[in-house]
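J.: Chain by chain, the residues:
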Amino acid sequence: MNILELRGISKIYGQLSALSEIDLDVAQGEWLAIMGPSGSGKTTVMNIIGCLDKPSCGSVVLDGQELSALSADELTAIRRDKIGLIFQQFHLISYLTALENVMVAQYYHSLVDEKEALAALDRVGLADRAKHLPRQLSGGEQQRVCIARALINYPSIILADEPTGNLDEANERVVMDILHQLHREGSTIVVVTHAPEVAAHAERTVVLEYGKIARIVLGGDPSKAPEVGEACGAGA
Amino acid sequence: MFWKMLNGALVRRKGKLVMIAFAVGLGVSLATAMLNVMFDVGDKVNQELKTYGANLTVVPRGASLMDELYSLEGDSAEPPRAEKYIAEADLHKIKMIFWAYNIVDFAPYLETAVKGGGQEISLVGTWFNKHLELPTGDEVDAGMNGLKTWWDIRGQGGDDADETGVLVGEALALRLGLGPGDSFPIESLDGQVGATVKIRGVFHSGGVEDEQIFAPLKLSQDLSGRPGLVQKVEVSALTTPENDLARRAAQDPGSLSRMEWDTWYCTAYISSIAYQIEEIIPGTRVKPVLQVAESEGAILEKTQLLMLLLTVLAMACSALAISNLVTANVMERSAEIGLLKALGATNSAISILMLTEILITAFIGGALGYFAGLGFAQLIGHGVFDSAVEVKGLVIPLTVVLVFLVTALGSLPAVRMLLRLRPTEVLHGR
Ligand SMILES: Nc1ncnc2c1ncn2[C@@H]1O[C@H](COP(=O)(O)OP(=O)(O)OP(=O)(O)O)[C@@H](O)[C@H]1O
Ligand SMILES: [Mg+2]
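Line order of the protein sequences matches chains A and B. Note that my numbering gives residue 96 to position 93 of the first sequence, counting from 1, and the numbers run on in steps of one. Note that my numbering gives residue 1060 to position 95 of the second sequence, counting from 1, and the numbers run on in steps of one.
Among the clues, some could well be false.
Using 30 Å as the maximum straight-line C-alpha spacing, the simulated DSS-like pairs for lysine-lysine come out as follows [as the list claims (entries may be wrong)]:
1. 1357(B) x 1267(B)
2. 981(B) x 134(A)
3. 979(B) x 118(A)
4. 85(A) x 969(B)
5. 969(B) x 134(A)
6. 1080(B) x 1058(B)
7. 969(B) x 118(A)
8. 1080(B) x 1163(B)
9. 134(A) x 1080(B)
10. 1252(B) x 1183(B)
Just so you know, the hints here were simulated from the structure itself, not pulled from any lab data.
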């Protein structure tokens, strides 16, 4: 069953076509990587999937729901309920503790539950850092708080834009381990990355070029693996 | 969670909010000072106009200036000099001038220092409600009771029939720890004459009188050794508004032509009434005081307007500063705001959070500013008006409303920015 279906998605900024005619399906529980050179439209796709932005044309079906007809407020509600977001710059609130940062997501979702938030921090190995402010945490630890926050509301799909872009190798490994664990537990994960070794963890990699799907690669590294589809009309 | 976030923002970002609090505080301190002074000045003007509800003062000729300049000098140290006083026996003549029926009321005063309750106290002898039988056969009542109508008296009013019954000023009563019905001994400074007086009432006048005792004239004459004498008389008269003729006459009645002089004399100008009193009680000088109070009133009214203007300006400056600071605050936190939106916070939820934070900051700044402003007000009061400025409760709700308005107005641009902020533009490091 597909949790996400993109059909003929285009995004046009004035003259510039950031995305054109993207078709993409993501299966329930799949781990998908999106790669491509800078400016190829990776973040744009993520924003559309994450209900942060609307496509200029095309349809998005998330968890069985068609999104293109929805208003901004309705999109906010869907994002709140179904999407867990992880960012390259972490975006933790500087004046709240790790625990409170996780609880903010609960607050805007439904109800605050400190025990549950603490459990989420425990899952990413930061239970003992719950009372620390972001500036008292290392980059890797901050990203783990960010992951705890992303998974606190049991999202249908976790979206990570360059989650390891600001981390060193050791921390990258820790973060990828957590994503693997989530994947094993059944989470659907979409990761945007520049780094082939990060993409290598995915089951499938979509390569974007000039706003189009250049190719789709099964498994890890797209530079080594054989191409399995042509750009246009490629699907899973 | 709302409070947790608010608390976090307020406590852990206080460095950034201090400037906002400061901007509000500065504006509020100015506004508080100006409003307090303004209201107080208003009261002072009213009081002055009422005080000179007695609009003529009769003083002994030659003493008119001296008396004012050296009024603090111990009277009992020097032997009474006849030319510095007016004979009590002459006073009824005030009711016998051409414009007698325009004389509403009048009261004599004789001030002397006495010892009482272990300290030196100023005692003023006066008529409270003196019954006079005029040689013309008319009978009138005159005295302070009809002049100081705005005095707020606790207990009974003054009565000339009660020879040892006195009124005590509020401040003095407080200092002596006495109230209506209490009796206490007083004596002249040299200890020669003494009396036990009974407090009929405690009054609030809002002026220096609050530190004084008002007693029947006879008592102060006995205590000061000046039988049958008074220092000055306040007269309340109904008068015709001044015109050019009256002003010329006031400067020098001799400069008028015969016809003009007749017209002037037979019109109830304050200057002609003054002239007639001087005529009938030789050796006196009669000063019209209403004009002074009126022009003073006009100046004070303008001062009040100026202060109101300053208040408005101060608040406008505050609003501008706040607007800049709050906008900078939102800009600095755009990523955080984008994140909250991405996490599903609605525009209104974020706006309320930010506004609450700014308002709390503003009110903390405002509270500090208020107290600083009270200090300013006293400085202004002592520097400009030479008296303490009474703290007006009304200023508190006014400043609260001002802070609220100014902060809300000042935050508008920032809120607009916040509403338009799109998470996609701030979350991906563009
Ligand atoms: N708000 C916008 N207005 C105008 N053009 C935009 C906007 N957002 C993105 N673009 C353009 O769309 C194209 C795709 O941008 P996008 O951010 O998706 O690239 P990306 O693949 O994520 O690049 P990077 O790897 O550098 O993050 C770029 O050429 C970018 O300049
Ligand atoms: Mg990008």
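J.: Now tell me if each hint is right for this structure.
T.: Hint check results:
1. Between residue 1357(B) and residue 1267(B) the alpha-carbon distance is near 20 Å, which keeps this suggested pair within the 30 Å criterion.
2. Note on residue 981(B) and residue 134(A): the hinted pairing holds, with a Cα-Cα distance of about 22 Å set against a maximum of 30 Å.
3. Distance restraint check for residue 979(B) and residue 118(A): the Cα-Cα separation of roughly 29 Å lies within the 30 Å cut-off, and the hinted pair is therefore satisfied.
4. Between the alpha carbons of residue 85(A) and residue 969(B) the distance comes to roughly 25 Å, so the proposed pair stays at or under 30 Å and holds.
5. In summary, the hint linking residue 969(B) to residue 134(A) is supported, as the alpha carbons are separated by about 13 Å, within the 30 Å threshold.
6. With a C-alpha separation of about 34 Å, the suggested pair residue 1080(B) and residue 1058(B) falls outside the 30 Å cut-off, and the hint is violated.
7. About 16 Å separates the Cα atoms of residue 969(B) and residue 118(A), which keeps this hinted pair within 30 Å; it holds.
8. Restraint check: the Cα-Cα separation between residue 1080(B) and residue 1163(B) comes to about 15 Å, which is no more than 30 Å; the hinted pair holds.
9. At most 30 Å may separate the alpha-carbon atoms for a hinted pair to count; residue 134(A) and residue 1080(B) exceed this at roughly 71 Å.
10. Distance restraint check for residue 1252(B) and residue 1183(B): the Cα-Cα separation of roughly 25 Å lies within the 30 Å cut-off, and the hinted pair is therefore satisfied.
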